[in-house]
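Make a model of the complete structure from these sequences and hints.
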Amino acid sequence: MKSADGAKRWLLVGIALAVVASYFTPQFNRYYLGIAIDCGINIILAVSLNLINGHTGQFSLGHAGFMAVGGYTAAKFSLVFEAMVPDSLKPLLFVAALTLGGLIAALAGLGVGVPSLRLKGDYLAIVTLGFGEIIRVVVQNMESVGAASGLKNIPKWTTLGWTFALAAITIYAVASLVNSTYGRGFIAVSDDEVAASSMGINPVRYKVTAFVTGAFFAGIAGGLYAHHKQFLSPTGFDFLKSIDIVVMVILGGMGRTAGVVIAAIILTLLPEFLRQFADYRMIIYSLLIIGLMMARPQGLFTLSFKKKGAASV
Amino acid sequence: MSADILELNQATIRFGGLTAVSELSLRIGSNELIGLIGPNGAGKTTAFNLITGVYQPTDGEIKFAGKPTAGTKPHDLTKVGIARTFQNIRLFGSLSVFDNVRVATQLHRSQGILDALWRGKGFRSAEKEVERQVLELLDIFDLGKLRDEEAKSLPYGDQRRLEIVRALATKPKLLLLDEPAAGMNPTEKEELMHLIKFIRDKFNIAIMLVEHDMKVVMGICQRIYVLEYGIKIAEGTPDDIQSNPKVIAAYLGTE
Ligand SMILES: Nc1ncnc2c1ncn2[C@@H]1O[C@H](COP(=O)(O)OP(=O)(O)OP(=O)(O)O)[C@@H](O)[C@H]1O
Ligand SMILES: [Mg+2]
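Sequences listed follow chains A and B, in order.
Take the working numbering: the last position of the first sequence gets the number 313, and nothing is skipped along the way.
Take the working numbering: the last position of the second sequence gets the number 255, and nothing is skipped along the way.
Since the hints were made in silico from the structure, they are not lab data.
Derived DSSO-like pairs (lysine-lysine); straight-line CA-CA distance at most 30 angstroms:
#	chain 1	residue 1	chain 2	residue 2
1	B	K121	A	K8
2	A	K8	B	K128
3	B	K145	B	K173
4	A	K152	A	K90
5	B	K79	B	K121
6	B	K63	B	K202
See below:
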């Protein structure tokens, strides 16, 4: 039984590593650096979606939509205030932009989640699918964020350090949420909603909490992405992006944080090695999932992470 | 036995054309152990679902601790003191024995999402306290050794027992048991009878028992209500019930 201090210590180690990494960043090849940052962003997306789809047993297809909300919010905020702020305060502005992006995405999550999570069944999948498309269409027609031609010249503030530190925080947040008396409620709700409510757990509140928390981190990931690519276009946040993240969660084994992290890394690297097969990516994904369902329904990477009794992490 | 903890006045529920429970009136004293029996499909489980707020009565009234429960959600009724087990066991299969009970303790805590993230001193000592309570409860019911087992991997009898322990962890004033002896062998049934009486006395609560095994029901219940086709056909002490011709015709006669 590791103490809760242990969990915080791991978080600090993660952040320290991120800081060290960012110190050596200038010596990295830019191409590899870019991929490493992509990995970190995808880890945030996958781990936060895992709270919704894995631990709490919902099925959201809207993660790219929340990423877009966070990304556009953060980018617009940076673009507006960039000129007014001296260089020394730029990191602060970046933090403010990311936080705002996360909060607005969470707010959008609340708006989508409250009505659809009250209903039983697969409404969430349908509603989130629609939500993602609506966001895309709205952005496409909003001149203030560049409409269809995209939002350009976003300051390049995302570094390896920021990305890994935020990935560490996301992993910590989801893991420590789930590994608490409060957070076991998420798993209880996913196991048996009727039994959970007879234990005094309000299933709707739990599902909304998971959904909003997940949306928050997707928004943060969107902000990192915006300040990494320096360019946002509505097509980057389509339905296929949501599917990418869902595949990471399924491949990693729903509800297994470590597995989902590994899956996020592999599925970020794989397309880089298989550039010539890019057109077939969705076909490969479908085959992968079908194969996985048949061979290892518990997920690829679920070796030693059995849920144990007392608070670990 | 002072005031009644539960009171049903003419509670009725219809599903389309079927009246599953019809004008049912009953009451339970705060430390009583009563039985609710009747043939298959008589409406016993439906009565439990009405009491726990899973269904709202079409007509009539239900009062818990003197207050009408109409419109209250199941999870809020658990908070005021109604706990239950299910006819077809509903444990949290992927959680451990320990966590099944732990989840049920949280409704009496103030800790929420932010505390779980920050993990301050107060949170950690509260978690320790919960752990202590859970282990104590598990030990009372001899489930301590199994604490790290996945709930769905337990033998049937242990699952039934764990479900009762989990319900108790919510600190109820009224415990509803839906066929707890189903699937148990005679020895286990004997132990269960002791267990139920023990719970009533140790935790000082009211218990309502739905059970098909007449030996169990007659052996431990102080009073018994009998349902048939959703209608109450008899009530009284085990002796009264056993000699009631209506009951014999409806129920015991067909055994
Ligand atoms: N949600 C529902 N919708 C429609 N009919 C229902 C519903 N729930 C129960 N019923 C019907 O109500 C009647 C009473 O069912 P109930 O489950 O309460 O019986 P029971 O006394 O618990 O029987 P058993 O001993 O078999 O458990 C049955 O005819 C059942 O089909
Ligand atoms: Mg029944």
